[in-house]
Amino acid sequence: MSMEVKAALERLLQRYVEDHQRVAGTLPTQQFDPAWVSECQFGEPDSDGMIHWRPRERAVVADFSGLERALDVELHADIKCFYGSYWGGVMAFEAEEGGVSLIQIWNHDDFDRLVENILGHAMAKQRGKAPLTIFVACTDEGEHMLSVENDSGRVVLEEPGSPPIREVSPSLVELLNRLDPAVASGR
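Mapping of the sequence shown onto my numbering: residues 1 to 187, in sequence order.
Note that these hints are calculated values from the structure, not bench results. Hints are not guaranteed to be accurate.
When the alpha-carbon atoms are kept at most 20 Å apart in a straight line, the in silico DMTMM-like pairs for lysine to aspartate or glutamate are as follows [what the hints assert, rightly or not]: (1) K6 to D72; (2) K6 to E174; (3) K129 to E159; (4) K6 to D63; (5) K129 to E74; (6) K6 to E39; (7) K129 to D63; (8) K6 to E149; (9) K6 to E74; (10) K129 to E68; (11) K6 to D180; (12) K129 to E174; (13) K6 to E18; (14) K129 to D151.
With the sequences and hints as input, model every part of the structure.
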């Protein structure tokens, strides 16, 4: 596992929670769904049905071996660390590229959905003869997403099923280090 990615992610998640508490006066919230619980939820739903949450380190790191066997490729260590270290909700950030929503895993079922989505994305990449990328964030611009190129570890801007449009960061660590929580800007 990439310890640099884990450290950068930990700092970013902490800044997100701190900014949210400073601006909103509370931990992040989302609509409570009794069929969609997470280890990162805290307390009971409020009168509006919202529940507080904060990113929480996983007791057991996520296992990507089944996905790797299905793809017949070893996933980049940064990707496994990014998705395998914490439970959390989707969080809004600002980047040079504009607004981005960082994808995190809410619960075990969400992890299964992620694996299915990665498989579909990988098959589209194979059909298009494009390098394998794994998405880590959605952008505010249409269907664009930020993805880690599996072979190189660089972060690229792309659309589903298409070759990368351009590099946005030489590494996931560098991207995580330059994101700013969007809570302060009203998101």
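Give me the numbers of the hints this structure contradicts, sorted from smallest to largest. The structure breaks hints 1, 7, 12; every other hint is satisfied.
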